[in-house]
Each structure stands twice: as structure tokens, then as C-alpha cells.
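A.B. asks: Sequence:
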Amino acid sequence: MSHWLLKSEPDVYSIQDLKRDGSTEWEGVRNYQARNFLRDQIKKGDLVFFYHSNSEPSGIAGIAKVVKEGFPDASAWNKKSPHYDPRSSQEKPVWYAVQIKFIKAFKTLIDLQMLRSAAELNQMGLLKRGQRLSVQPVRESEWKHILKMTA
DNA sequence: GCCAACGTTGGC
DNA sequence: GCCAACGTTGGC
Numbered sequence: 014m015s016h017w018l019l020k021s022e023p024d025v026y027s028i029q030d031l032k033r034d035g036s037t038e039w040e041g042v043r044n045y046q047a048r049n050f051l052r053d054q055i056k057k058g059d060l061v062f063f064y065h066s067n068s069e070p071s072g073i074a075g076i077a078k079v080v081k082e083g084f085p086d087a088s089a090w091n092k093k094s095p096h097y098d099p100r101s102s103q104e105k106p107v108w109y110a111v112q113i114k115f116i117k118a119f120k121t122l123i124d125l126q127m128l129r130s131a132a133e134l135n136q137m138g139l140l141k142r143g144q145r146l147s148v149q150p151v152r153e154s155e156w157k158h159i160l161k162m163t164a
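Using my numbering, the first residue of the first sequence is number 14, and each one after it goes up by one.
Any given hint could be a false lead.
What the hints assert, rightly or not - Estimated spans, in silico, between C-beta atoms of each pair:
hint	residue 1	residue 2	range
1	Ala164	Pro70	18 to 26 Å
2	Lys141	Arg43	15 to 23 Å
3	Pro95	Met127	17 to 25 Å
4	Pro70	His158	18 to 26 Å
5	Pro150	Lys32	23 to 31 Å
6	Ala132	Ala164	17 to 25 Å
7	Pro70	Arg100	31 to 39 Å
8	Met162	Ser94	35 to 43 Å
9	Ala131	Lys92	42 to 50 Å
10	Glu133	Pro95	34 to 42 Å
11	Met127	Asp24	19 to 27 Å
12	Ala132	Lys92	42 to 50 Å
13	Gln54	Lys105	14 to 22 Å
As the list claims (entries may be wrong) - In silico DSS-like links for lysine-lysine, alpha-carbon gap of 27 Å or less:
hint	residue 1	residue 2
14	Lys32	Lys105
15	Lys81	Lys114
16	Lys93	Lys20
FYI, nobody ran anything at the bench for these hints, they're computed from the structure.
The structure presented is a predicted model; accordingly, all values stated were derived computationally and were not measured.
Where is the CB? At the ideal position from N, CA and C, for every residue including glycine.
Can you make the complete structure from the sequences, with help from the hints?
C.D. replies: Here it is in C-alpha cells:
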């Protein structure tokens, strides 16, 4: 099993929204590197950190589980969607999504400052300057360390 | 709201 | 294929 980190702006969709909905399609990713993770590497049963970006503060807000792996992102061929992309079609999809379900919301968010202060996490893409990928792999050791920080 | 970093677009 | 211009991300 692999671990991942998914970024969302809580103003748009937060961990509380996921708790309310139970599960959701993680769609709208329009970056090829992130697309490749969604399409090729994220598997059913994988666990993901749900990260709140562009937030006060930003940080890891909870955990979700992948319940359906890589499938074509239908929002790409929905003209009314803000993520509409005419290059993608049902016959030749360009973008992919996964479905995730709510597992837990942390009592207190693990904010960026806390993450940065942990030497064990300094290899995380999330903490690297200029790293903007909205879907990132998380190493096993990092996953465990972050879980300890929630205790 | 600012702006650095990065990805994409399009003229040449 | 280069690269300037532009748009987006996301911390601060």
C-alpha cells in the first residue's frame, strides 16, 4: 500500500465537506505529473493525507482512503465545469480522477510550521520551495511520523 | 494582496 | 525548438 497527499483549498472543498459527503470524486486535477499519479499509481486501499492549502493556517487536516482508482475525469468534458478542457473526450480522456472516502479529521490541524520543524520530514515535496504538485507521494516513514504528531 | 516559482502557450 | 508572455499556485 502507498500513501499520498492531496491538496485542496478548504474554501473550495475541506475535510469537513468530505466528512459530510462521506466520499467524493477527486477531480479537476489539470497537471500532467499529478495526472500520472492519479491514473497509474494510486491504488484502491491507499491512504491519503488531506491537506488544506491557501488557508490560515495551511496544513494536514485529516485522512481519506482511496475507494476507486484511476478513472477518466468527467468534469473535463463538462462544458459547465470550471475544469472543462476541450482536449479531453470520453473516447480519449486526458485527465483522471480517483474516488476517496472520509476516514478521519484531525482534532487539530498539523500546520506547515509543525511539519517544517520535524527533521524527519525535510525530504517531503510539500515542504520544498516552489513545489506545487497537488498530488504527491508520501514516504512510509513520513506517514508514520506525521501520525505520531497527531497523538 | 503580493509575488516567487512553475507550467503552458504561441510566435518566430 | 527557443523563449517571452501569460496564467496559476500557494505561502506569507
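A.B. asks: Find the hints from earlier in the document that the structure breaks and name them by number, from lowest to highest.
C.D. replies: 3, 14
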